[in-house]
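Could you build the full structure based on these sequences and the hints that come with them?
Sequences listed follow chains A and B, in order. Counting from 1, position 299 in the first sequence corresponds to residue 299 in the numbering used here; the numbering is continuous, with no gaps. Counting from 1, position 262 in the second sequence corresponds to residue 262 in the numbering used here; the numbering is continuous, with no gaps.
To be clear, the hints were calculated from the coordinates, so they are not data collected in a lab. Built from N, CA and C at the ideal position, the CB exists for glycine as well. Please note: incorrect hints may appear among the correct ones.
Claimed, not checked - Okay, the calculated bits of chain B under chain A, using three or more residues with CB under 8 Å as the criterion:
#1 90 to 99
#2 150 to 157
#3 186 to 200
#4 235 to 243
#5 247 to 257
Each chain, written out:
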Amino acid sequence: MRRRLPVSLGVLGVLIAILCLAGVVVALLALRAGLDDKDGGNRIVYGLTLNPSGFDPHIHISNELGIPFYSIYDTLIYRHPQTMDFVPGLAERWEMAPDGLSWTFALRRDVTFHDGTPFNAQAVAANLDRITNPELASGKALALLGPYTGYTVVDDFTITLHLSEPYAPLLDGLSQVYLGMASPAALREYSKNTYQWHQVGTGPYRLEEIVPGDRIILRRNPEYAWGPVFYAEATDQSVDTVEFRFYTDPATRSLALESDAVQMIGELLPTDVELLLGNTQLRVLRVPIPGLPQQFFFNTKRAPTDELAVRQALLYATNRTEIVDAVFQGQSPVAHGPLTATTPFYDPAVEALYPFDPTFAQSLLLGAGYGDSDNDGIWDRDGEPLRLTMIFPSWNQTPEVAQLIQSEWRDIGIEVELIRVPDFPTLRSYALEGDFHLIAFYDFGVEASLLNQFYMTGGANNWSGFSDSELDGWLHEAVRQVDAGTRAALYSSVQQRIMEQAVVLPIREYVNLNGTTARLDGVIFSAQGWWPLLRNLQLRP
Amino acid sequence: MGKFILQRVGAALAVAWIALSAAFVVLRALPGDAVDATLARTGTSPAEVAARRQALGLADPLWRQYAAYLGGVVRGDLGESLVTGQPVAQMIGQNFGPTAALAGSALLVGVALGMALGLAAGLAPRRAPGWLAEGVAALALSMPVYWTATLAIYLFTVVLAVLPGVGGGSPRQLILPAAVLGFHTAGSIAQVTARSIRRTAAQDFVRTARAKGLGEADVTDHILRVSLLPVIAVVALQLGFLLGGTVVTESIFVRQGVGRLLLAAIDNRDFPVIQGIVTLTALTYSLIHALADVLYALADPRVRVEG
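Following this line, the structure appears as structure tokens:
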């Protein structure tokens, strides 16, 4: 018998080697860590909350892409974040023709793109050409142009846009990042698919690097001197570099903020806010988002929600204050109508409708012929129990909202089946099949004409199937009228009709809960609510 | 041996083809496509949505889409993303490095920790180190990655603040995700190791060795030589767990990688990207299994094949 070492190298040797290797790797990692970052200047990391499906504002649709790119581009017109009024951007002045069929823009003469290309009417024309090219398959930019038919370059710094019919929302469209002005030289150099990695605008920040799924890095544009009136002057405390990263998992956002991995982040969980407010190193900002509230559409084509009395009863039976307090920790206002209170043309008259009144809800149901004939706690009519199906996605605490509604409605004898879907295509397939009584869906925007796609007969997103020719008329007319007073009156009628007809169950006005380090001042968001004015950020040492 | 390797590689390719075809069919059974996920959401008119669908080839009959896709794959072309227009191969290429780094370092942690725990549990059963090791292994197996990860982030980046907060690709930011994923990988490696050691220790040749008066260290050596062989197979199996685990881990730790690419692609119904990742994953997984088979054959003369 050959003599061995106490434990031979054969097996344990391998183990020890693995352990050593692991140790060496960790040590190397720790050593190399000293080498990464910091390249001088003020720098912040900004946490984005979803990984947009694409980054080209002319093509892609997400609100999230505007968080970085609102500062890469300038728009012809801006909306003032406080007054919501239109103020000059790349266009100094604009004028509508008396017939409403064309708008003429006088452009600034002192603007250059990040690549040195001068900004002029030909540059605007190149952008319009790109957006309207069917090859590009623009998702939002093209829609924002409405009945646009073409342009005329009047001179180097004057351009006229032509429309097939008057279109009041045009100015709002032109103030959004999706119609940001890109360098014609860069548009020529890159293809429709590759431009998104090499975007060049005239904005206060330049795109330095995009690594899809990992980071977007912006650097301050030192030449920038043509910002809108609400942009601050650059100072020593201006942020030189902004690095965006994707915090798609909501639970880690507050942790990232607390560990100083990010200095600014959006979409914090309402349940985390209380804790963060106790930390003097941090701040929480509640930013209301104009547009539609977080809400559920009733299916007006399927029994029993095709009956007005049933829909109204469901609105009376919903304790929205309780939902907002329990699910959103009181961090959002209760919603009362099809538009949120910060949206221009909002009509507060809807607030008086549908106070929480379960007794009245039951009397409405009694009037519609319902009652608990078999004493099982669930009301019924002609042997049919009052049973509803509710479809909702997993984001924005909608599942918790749905559960509360289910329990509130059970108290007055209505049974609700909850169906939670994982993503938008699944949600949409339920909507198209009409296989629901209530479905959660909403969108954001400053322009009240956002309502058209949801409430007009045959509108692309009219999931409730609602149809009212008078409402269609008002919605159509409000888009053609430029006078603010006329539009306000039309949209008042629209909002009241939608609520009288109980087409939608509004829950809460959407509020983006942003967290920042307390060292960051000048945290202001654009009129659209989502997009920060990076230009105004000031980082104290 | 050459024939054996050829067989294994052939099997790996067949598995990849089956996975690809299954992904192709299942994806199209899901509601919605890339056009629903993007264009239709903004209220674009149904006519334009239909035109876009036509342009992307989503309106073609299924067999034609499949034939076109398979033809591309055979020529090494994985197609283009329906959402960004980027070539799928390029997208996977950009994300492969970070995922490989995470999976590789997690595997290293998992093997080291798993074998250490397994040895302790196997060689010192019914004693304190054994109990402790078994307890840790059970925790690693029973807790979800999601939970441990969130807890670890809170503990190490907020409370103790010894590691940088999550996000990004600095090497120091690899430590926590690799440790968490490695911890969970260690669970089954530890259990298999311990069980295998105990089974071997009960065999006749061990009793004979002891009866012959062999020292305990020599006996242990004999036991380990036999009992650590099955661990090779488990380590290969763990790669499947790791590839799944990276999806969750990458999201929580805000890391770039194939897992997050896959999640986003599923949300957007970006079929070519999903198919590309599934095919690549199946290929990697089965090739590594083939490698494990070969290693096993080399290490254990009993399973060596003729020829």
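These are the hints, each one checked on the structure:
| no. | hint | result |
| --- | --- | --- |
| 1 | 90 to 99 | holds (count 4) |
| 2 | 150 to 157 | holds (count 4) |
| 3 | 186 to 200 | violated (count 0) |
| 4 | 235 to 243 | violated (count 0) |
| 5 | 247 to 257 | holds (count 7) |
Checked against the numbered hints above, the structure breaks hints 3 and 4 and satisfies the rest.
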